[in-house]
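Student: What follows is the residue order along each chain.
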Amino acid sequence: MATSHPSSELLEQLQTLSGQNVSDCYQCGCCTSGCPIGEAMDPPPSKAIRLLQLGKAQELLDSEGIWMCASCLVCGTRCPRAVDYARIAEACRALILRSKQSRVDPDTVTVPELEEIPQQAFIAAFRKSSV
Amino acid sequence: MTKYAYYPGCTLYTKARNLDLCARKAAEKVGFELTEMPSWNCCGAIYNATSDDLAAQVGPVRNLAKASQLGEKLVTLCAACYNVLKRVQDRLDQPGNEIESERLKTFVDEKFERSVKVLHYLEVLKNDIGWDRVKEKVTKPLAKLKVASYYGCLMVRPKEVLGFDDPENPQVMDDLMRVLGAEPTKFDFKAECCGGYLVVNRREVAKAASQKILDNARAWGAEAIVTTCPLCQYNLDKLRVLTDGSLPVFYFTQLLGVAVGLNLDELGLEHSAGDPAGFLRSKGLL
Numbered sequence: 000m001a002t003s004h005p006s007s008e009l010l011e012q013l014q015t016l017s018g019q020n021v022s023d024c025y026q027c028g029c030c031t032s033g034c035p036i037g038e039a040m041d042p043p044p045s046k047a048i049r050l051l052q053l054g055k056a057q058e059l060l061d062s063e064g065i066w067m068c069a070s071c072l073v074c075g076t077r078c079p080r081a082v083d084y085a086r087i088a089e090a091c092r093a094l095i096l097r098s099k100q101s102r103v104d105p106d107t108v109t110v111p112e113l114e115e116i117p118q119q120a121f122i123a124a125f126r127k128s129s130v
Numbered sequence: 000m001t002k003y004a005y006y007p008g009c010t011l012y013t014k015a016r017n018l019d020l021c022a023r024k025a026a027e028k029v030g031f032e033l034t035e036m037p038s039w040n041c042c043g044a045i046y047n048a049t050s051d052d053l054a055a056q057v058g059p060v061r062n063l064a065k066a067s068q069l070g071e072k073l074v075t076l077c078a079a080c081y082n083v084l085k086r087v088q089d090r091l092d093q094p095g096n097e098i099e100s101e102r103l104k105t106f107v108d109e110k111f112e113r114s115v116k117v118l119h120y121l122e123v124l125k126n127d128i129g130w131d132r133v134k135e136k137v138t139k140p141l142a143k144l145k146v147a148s149y150y151g152c153l154m155v156r157p158k159e160v161l162g163f164d165d166p167e168n169p170q171v172m173d174d175l176m177r178v179l180g181a182e183p184t185k186f187d188f189k190a191e192c193c194g195g196y197l198v199v200n201r202r203e204v205a206k207a208a209s210q211k212i213l214d215n216a217r218a219w220g221a222e223a224i225v226t227t228c229p230l231c232q233y234n235l236d237k238l239r240v241l242t243d244g245s246l247p248v249f250y251f252t253q254l255l256g257v258a259v260g261l262n263l264d265e266l267g268l269e270h271s272a273g274d275p276a277g278f279l280r281s282k283g284l285l
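Top to bottom, those sequences are chains D and B. Mapping of the first sequence onto numbering that gives the first Met the number 0: residues 0 to 130, in sequence order. Mapping of the second sequence onto numbering that gives the first Met the number 0: residues 0 to 285, in sequence order.
Just chain D, with the same shape it has in the complex:
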């Protein structure tokens, strides 16, 4: 039987924004094992989804992991239950960015970086991590 907890509204919001149902995940770990930055990502995809299943949405929102996702979509492509973690991470970031909290400040980019890195990377990084 479903129990209500304080973060159920937050979870609802994340599920709507991401279009994903977190209870579809059966924790096989395919997403995390395929994640190219899973070792550096805390929490990695499967653990992040587990937090949501356990009603700890706020814990995920406060984590670093959601900002480490490179949106490469390998997790969702390999998921046997068609859960797309990249969209869940996107929804988490969106909620934070919509409350006007940036993670990357465009003003901190240095001139050598500007001259070197392809602009598609700047646009993508700012879109994913700044207001």
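Simulated from the structure, these hints should not be mistaken for lab results. The beta-carbon is built from N, C-alpha and C at its ideal position, and this holds for glycine as well. Some clues are possibly wrong.
Claimed, not checked - Beta-carbon label-pair distances, calculated as ranges:
1) B:G95 x D:E11: 18 to 26 Å
2) B:E71 x D:V110: 37 to 45 Å
3) B:K110 x D:E58: 46 to 54 Å
To be verified - Below 20 Å or equal to it, Euclidean Cα-Cα: the simulated EDC-like pairs (lysine to aspartate or glutamate) are:
4) B:K110 x B:E35
5) B:K211 x D:E38
6) B:K237 x D:E114
7) B:K206 x D:E38
8) D:K99 x B:D52
9) B:K158 x D:D83
10) B:K206 x D:E114
11) D:K99 x B:D51
12) B:K206 x D:E115
13) B:K206 x D:E63
14) B:K237 x D:E112
15) B:K237 x D:E115
Mind docking chain B on chain D? Use the hints.
Tutor: Just chain B, lined up with the frame of chain D:
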């Protein structure tokens, strides 16, 4: 000569001008022409995957509307532009999305004439020109050059939408390399992410991801890597540790250009790390 509307995107006139340059020249050699579409704008560089954020789709929709006035097909070269434009067009076309689709089109001050088929240059080569015709134009075969074809993420995922190649073991660049006379190597990380835009604020993460890809290509005996994304090219080419400097990273258009006989000044090799021209010379290809 078949003409295609062409969307260069932000990076191909600046940091990846070498990708654009030899792509156009090589296209003419194999029998098609890229005509830049008028007054295009940024595609947004990355697809926004939240269900309600229509504002992020407006830029790409405007490009698609403009392109729809020119014809049915729009050709891209940058893997990011390809991914974003194709996914947004798919979102507009999805059954059940009619209301959202109409709303999006009303944000744009352009008439949307028809659905646009967003094509990558590699799809044009494979499906419209055909490998046989490409092969006929090869004047300098890349004799037995061992190449690891690196696709990254944006060419192959999400598979339901992009769908022109296998998301785990894509083939199109390998096929092209074979047609050009090269020998595509096996390679475990063909579609593994290079770290992408994390290079902006998590440089070490992107570097580690890219290094794994380079090491694996080398372990399979590759002498060079070939890619189609300016960001993959940057991450693999410029982030690598110095000891690894001998594995050159080419755009597929550069190797296509070599094989169809473009001149050195049409290849744009000077924008890459190391000495790719020297490498080609050592292989008797320049």
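Student: Would the pair K206 (chain B) and E63 (chain D) pass a check requiring their Cα atoms to be no farther apart than 20 Å?
Tutor: Answer holds: K206 (chain B) to E63 (chain D) is near 19 Å, not above 20 Å.
Student: Hint check: K158 (chain B) vs D83 (chain D), CA-CA at most 20 Å. Holds or violated?
Tutor: holds (12 Å)
Student: Starting from the hint 18 to 26 Å, judge whether the C-beta atoms of G95 (chain B) and E11 (chain D) obey it.
Tutor: Holds - the Cβ-Cβ distance for G95 (chain B) and E11 (chain D), about 22 Å, lies within 18 to 26 Å.
Student: Holds or violated: K206 (chain B) with E115 (chain D), Cα cutoff 20 Å?
Tutor: Roughly 15 Å between the alpha carbons, so the hint for K206 (chain B) and E115 (chain D) holds.
Student: May I ask you to test the hint 37 to 45 Å on the CB atoms belonging to E71 (chain B) and V110 (chain D)?
Tutor: Roughly 43 Å apart at Cβ, these two residues keep to the hinted range, so it holds.
Student: Quickly compare the C-alpha distance for K99 (chain D) and D51 (chain B) to 20 Å and report which way the hint goes.
Tutor: holds (17 Å)
Student: Is K237 (chain B) within 20 Å of E112 (chain D), Cα to Cα?
Tutor: holds (12 Å)
Student: Could you grab the alpha-carbon distance between K237 (chain B) and E114 (chain D) and see if it respects the 20 Å cut-off?
Tutor: Between K237 (chain B) and E114 (chain D) the Cα gap is close to 13 Å, so the pair holds against 20 Å.
Student: Is it true that the CA of K110 (chain B) sits at most 20 Å from the CA of E35 (chain B)?
Tutor: holds (19 Å)
Student: Do the beta carbons of K110 (chain B) and E58 (chain D) sit within 46 to 54 Å of each other?
Tutor: holds (48 Å)
Student: Between the alpha carbons of K211 (chain B) and E38 (chain D), is the straight-line distance 20 Å or under?
Tutor: Holds - the C-alpha atoms of E38 (chain D) and K211 (chain B) are around 13 Å apart, at most 20 Å.
Student: Within 20 Å, alpha carbon to alpha carbon, are K206 (chain B) and E38 (chain D)?
Tutor: Measuring from Cα to Cα gives roughly 14 Å; hence the hint holds.
Taken one by one, the earlier hints all hold for this structure without exception.
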